[in-house]
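**Student:** Residue-level listing of the chains:
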Amino acid sequence: MAAAAQSLRLAFRARRAAPAFRQFRPQPLMVLRPLSTTAPRPRKKDEDEEDNELEEEERVFENYGEVYAEFLRSDTMTEAEKAEAKQAMEMWEQLPIEDKNQVTQNVKDIRQGIDPLRKTIRAIRGSFWNEEERDSEMITNEFGEDDFEEDDITSMGHAKLEEHREMREYARIAVWEMPLLSKLAKPFEPPSSEHVLRFRYTSYMGEFHPAEKKVVVQFCPNDLGLTEQQQSKLAKLAGPRYNPETGIIKMSCEMFEHQAQNKRYLGDLVEKMIAEAKDPKDTFEDVPLDTRHHEFKVKPKFPKEWRLTPERKQQLEAMRQQALLTDEVKRREGTLIDGATRIQQALSGPPKKALEDKVAELVAAGPRPSRSRSVGPRR
Amino acid sequence: MTGLTVFILGVNFHEQKLVKKALESFYALGPQKSSRILAKYSIYPMMKCGSLPQRTVTALTAELSSMTIENDARKIVQDNIKRLRDIGTVRGRRHAMGLPVRGQKTRTQIQNARKLNRVERRG
Amino acid sequence: MSVPHSLRCLLRPSATTSIPQRIAPITAFTAPFSSSSILAKNPTPPSSKAKVPLGSRAKVLPGGHIRAGKKMQLGKFKKNRQIDKSRPPAPGERKAYRKRVTLSNNNALPVEGLEEMNAQTMVDPAKVGRMLALPNELVDQLRAVEAFKSTQTWNMFRQPSMLQRKEARELAEKMQTAAGKGDTLKLVISGDRLVGKSMLLLQAISYAYLNNWIVLHIPEGQEMTNGSTEYAPIPNTQPAQYSQQAYALRMLQSLRKANQKLLLDLKTVFPHPDLVQHFPVGTSLLQVANAAKEPDTTWPIFNAILQELTAEGAGRPPILFSLDGLSFIMKMSEYRSPAFEVIHAHDLAIVRRFVDYLSGKTKLPNGGAVIAATSRGNSPRNPSMELMIAKQEANQGLIDQPPAKEPYNRKYDDRVEAALSNMEVLKLQSVSRSEARSLMEYWAASGLLRTAVDEQAVSDKWILGGNGNVGEMERATLLTMRY
Numbered sequence: 001m002a003a004a005a006q007s008l009r010l011a012f013r014a015r016r017a018a019p020a021f022r023q024f025r026p027q028p029l030m031v032l033r034p035l036s037t038t039a040p041r042p043r044k045k046d047e048d049e050e051d052n053e054l055e056e057e058e059r060v061f062e063n064y065g066e067v068y069a070e071f072l073r074s075d076t077m078t079e080a081e082k083a084e085a086k087q088a089m090e091m092w093e094q095l096p097i098e099d100k101n102q103v104t105q106n107v108k109d110i111r112q113g114i115d116p117l118r119k120t121i122r123a124i125r126g127s128f129w130n131e132e133e134r135d136s137e138m139i140t141n142e143f144g145e146d147d148f149e150e151d152d153i154t155s156m157g158h159a160k161l162e163e164h165r166e167m168r169e170y171a172r173i174a175v176w177e178m179p180l181l182s183k184l185a186k187p188f189e190p191p192s193s194e195h196v197l198r199f200r201y202t203s204y205m206g207e208f209h210p211a212e213k214k215v216v217v218q219f220c221p222n223d224l225g226l227t228e229q230q231q232s233k234l235a236k237l238a239g240p241r242y243n244p245e246t247g248i249i250k251m252s253c254e255m256f257e258h259q260a261q262n263k264r265y266l267g268d269l270v271e272k273m274i275a276e277a278k279d280p281k282d283t284f285e286d287v288p289l290d291t292r293h294h295e296f297k298v299k300p301k302f303p304k305e306w307r308l309t310p311e312r313k314q315q316l317e318a319m320r321q322q323a324l325l326t327d328e329v330k331r332r333e334g335t336l337i338d339g340a341t342r343i344q345q346a347l348s349g350p351p352k353k354a355l356e357d358k359v360a361e362l363v364a365a366g367p368r369p370s371r372s373r374s375v376g377p378r379r
Numbered sequence: 380m381t382g383l384t385v386f387i388l389g390v391n392f393h394e395q396k397l398v399k400k401a402l403e404s405f406y407a408l409g410p411q412k413s414s415r416i417l418a419k420y421s422i423y424p425m426m427k428c429g430s431l432p433q434r435t436v437t438a439l440t441a442e443l444s445s446m447t448i449e450n451d452a453r454k455i456v457q458d459n460i461k462r463l464r465d466i467g468t469v470r471g472r473r474h475a476m477g478l479p480v481r482g483q484k485t486r487t488q489i490q491n492a493r494k495l496n497r498v499e500r501r502g
Numbered sequence: 503m504s505v506p507h508s509l510r511c512l513l514r515p516s517a518t519t520s521i522p523q524r525i526a527p528i529t530a531f532t533a534p535f536s537s538s539s540i541l542a543k544n545p546t547p548p549s550s551k552a553k554v555p556l557g558s559r560a561k562v563l564p565g566g567h568i569r570a571g572k573k574m575q576l577g578k579f580k581k582n583r584q585i586d587k588s589r590p591p592a593p594g595e596r597k598a599y600r601k602r603v604t605l606s607n608n609n610a611l612p613v614e615g616l617e618e619m620n621a622q623t624m625v626d627p628a629k630v631g632r633m634l635a636l637p638n639e640l641v642d643q644l645r646a647v648e649a650f651k652s653t654q655t656w657n658m659f660r661q662p663s664m665l666q667r668k669e670a671r672e673l674a675e676k677m678q679t680a681a682g683k684g685d686t687l688k689l690v691i692s693g694d695r696l697v698g699k700s701m702l703l704l705q706a707i708s709y710a711y712l713n714n715w716i717v718l719h720i721p722e723g724q725e726m727t728n729g730s731t732e733y734a735p736i737p738n739t740q741p742a743q744y745s746q747q748a749y750a751l752r753m754l755q756s757l758r759k760a761n762q763k764l765l766l767d768l769k770t771v772f773p774h775p776d777l778v779q780h781f782p783v784g785t786s787l788l789q790v791a792n793a794a795k796e797p798d799t800t801w802p803i804f805n806a807i808l809q810e811l812t813a814e815g816a817g818r819p820p821i822l823f824s825l826d827g828l829s830f831i832m833k834m835s836e837y838r839s840p841a842f843e844v845i846h847a848h849d850l851a852i853v854r855r856f857v858d859y860l861s862g863k864t865k866l867p868n869g870g871a872v873i874a875a876t877s878r879g880n881s882p883r884n885p886s887m888e889l890m891i892a893k894q895e896a897n898q899g900l901i902d903q904p905p906a907k908e909p910y911n912r913k914y915d916d917r918v919e920a921a922l923s924n925m926e927v928l929k930l931q932s933v934s935r936s937e938a939r940s941l942m943e944y945w946a947a948s949g950l951l952r953t954a955v956d957e958q959a960v961s962d963k964w965i966l967g968g969n970g971n972v973g974e975m976e977r978a979t980l981l982t983m984r985y
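Protein chains in written order, with this note's numbering: chain A, 1 to 379; chain B, 380 to 502; chain C, 503 to 985.
Any given hint could be a false lead.
[As the list claims (entries may be wrong)] To give an idea of the interface, some chain C residues facing chain A are shown, with a C-beta separation under 7 Å as derived from the structure:
no. : residue
1   : P840
2   : Y910
3   : D956
4   : A959
[Claimed, not checked] If you only want the chain A side, here are some residues facing chain C, beta carbon under 7 Å, derived:
no. : residue
5   : P288
6   : D338
7   : R342
Bear in mind the hints are in silico, worked out from the structure with no lab data behind them.
Virtual Cβ for every residue (Gly too), placed ideally from N, Cα, C.
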């Protein structure tokens, strides 16, 4: 058994040696420019050298016997290795012919199997980022499926057609099926005095949602057939749930798991509150209604008095005329006071007489005013 | 206009100084206690030292001398720190090292601790 | 000579303004003060050596102008700070400047032919809408009780004058009737901000002085309660009341100054054994008032004076007790009792006296008026006061419906509601256009308004001032740089 393993090792070594040797063969020394835009190219080799190499490359072994023979022929092997190879060769010779054929056949099969894998992948020179190379990882067998063969409309065209089909379907429904629904229509009946509670449920169209269980009830204390006193007591019991502007009590419940349970609870609670409001033992008359929770919003409106009615327009016109008239009269009398001229007059020496004339409307029967208590120098 | 000065508990105060501020300048006498003292002697909040009558000054001095302020109050604080130190607590040790006592970070902003914390604490 | 010279400041520095002949030569005189440099005026000859004060780098240019050399600046962003080395204002100087009331301006033009305010003109319906000049004695009296305020625009005019408004006449008439019947007029002046509440109060005080009333005026309600004057508990009062001696002294001094003649004529009728000084019955009240010199001894004298003034059947004149800034005395004060409880403003004795008169709890036996003006400037909100004023306004038909009392608001004060339960409200409205016109004519005649005062201009300013809010009109006309 050990011999088999030994022989295998030798065989691999032989196989390995050749390509490795070829791959990492030192390149002939080239003088490289420090900076160049062209790729460095190896120097041209001689023709015979090329041939030798090709010959070596095409050399393949049929079975172990050939491998050992090659070893014994080779110059690169040491003596120990040659002795070993010789021993192995003898063992190979002793094998029956069927086994030998079997081995030869096996090697051939393996070689055939791995041949395509050993093929080196070469980049196509003119390609851009290996564009033409097939992507081995993409699982598709439709190569060139996006290619347009000039025998169809575009995908946008298809979408447009699809849209038309959809519209036509709705049009068909509207014409043929909708009229049938009118047979099922019921006339609206406003909630009667029997239905004073208004419940609100929330549905999420079959999806689960934590808010689905919430139920809200609204009712107005006025509708319950209570006296004034009981109504106000009910509003006070409701506390911040009472809206003083609309007079509606609004309560909600989401304590329980199911909608129906919550609704039941609210119904019971309303019953209890009404019973309590009807209880005449304590009427809560001494407690004022608390509306701190509610903000009364006043919406400013355009005042009625500001509207420009025809009468108002007339009135304004009359006022303006009157004002103009007053000014004109004053101007003619010379009693219209102009600040700028007053200053000019005062600067160009105080003509006492004219000043007194001008402020005639301020003069009334009475003594002349005493002089001011000015601290500054006087004239 | 160098200003008269008013002696309260052996300290000179300028006559333009508010009485409340003057009281608060004593150690261990804060806004609360000073407000109470002002109320006790019917001193109005905006009163200045200059307008304090002499008998009120005397009464204030008497009142202040009966309170644990200044060195007495400092002594209490120092005793407390000393006790912590003597027991060998972390708080005592931090006081002695001049570092923050109540688990603050010490990378930055420990100026106050550095300034104040010591076994014989002053302020 | 100096008047036209000072009037020059009213001219606009425009090229079109023709300089009158009379003052033209003034420019030839040397100005007593000038901001231009003397060098420009008397150019030194270039040959003369100018003094170079700024070191070797400074250059003297041919015109004698000195140009400082470049200075090295150390910090890149160092500001060229001007260090003010002048003396800081002495204690109290800033406050005095802030509180100063100027009643006359020599640069304003004198308005000739203004009618003077007197006892008759104030109640004369024909004088409504006219400007009335305050006589000098009255100005002195009003100054003594600090009825003028520094925020009012007295400092723009030559002589203090006031518009006789409709409300002022009504108020004067009410005071007249109350004094005639021996009743007490209990009145609160309310109204919007800047509408002239303090001015109306000033007119009420003027009426009182012109009719020889005794006037006790508290110019600022907040000075009583904001913890800035002396206070002390009054012994033997339950619940404790508090005296404010320094403030009482101030009131006595202003009373003494303003009502000197009247006090001299009034003689005491009670013996007053609790006073330090002995005053026999028949001493003049002025003498008693003069005894108050220090705050410590003022309180008994203040009480004695008030007792004498309100003595029944002794021929005492009517009294006007007035206060500005009502909401400050309708709340808790800043003072604290010896037990460290906040003192209600109504427990301060002077305030208590005013509030008792206002509520009608005690009466002025010789008639008179108790008038309080609300203030809308910095005054604290006082829900109780607002509510009571609104209620009274509704009672008088001034507004439709009073706001309801909020049942759960804790800020209402029963004492305030009791104090304001029995008073009248004068809701001051804005001025009419005719009143506004005469006011603006006065402004123009004083040289403060450079336009012709016609209906158009009046209408402009009236609308600009929020439909005739006097203070806003002043702001729009007098207190702006644009005309």
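**Student:** Against each hint, give a clear statement of whether it holds in the structure.
**Tutor:** Do the hints match the structure? See the list:
1. P840: violated (38 Å)
2. Y910: holds (6 Å)
3. D956: Since chain A brings a Cβ to about 4 Å from D956/C, closer than 7 Å, the hint holds.
4. A959: violated (10 Å)
5. P288: holds (3 Å)
6. D338: Holds, about 4 Å.
7. R342: holds (6 Å)
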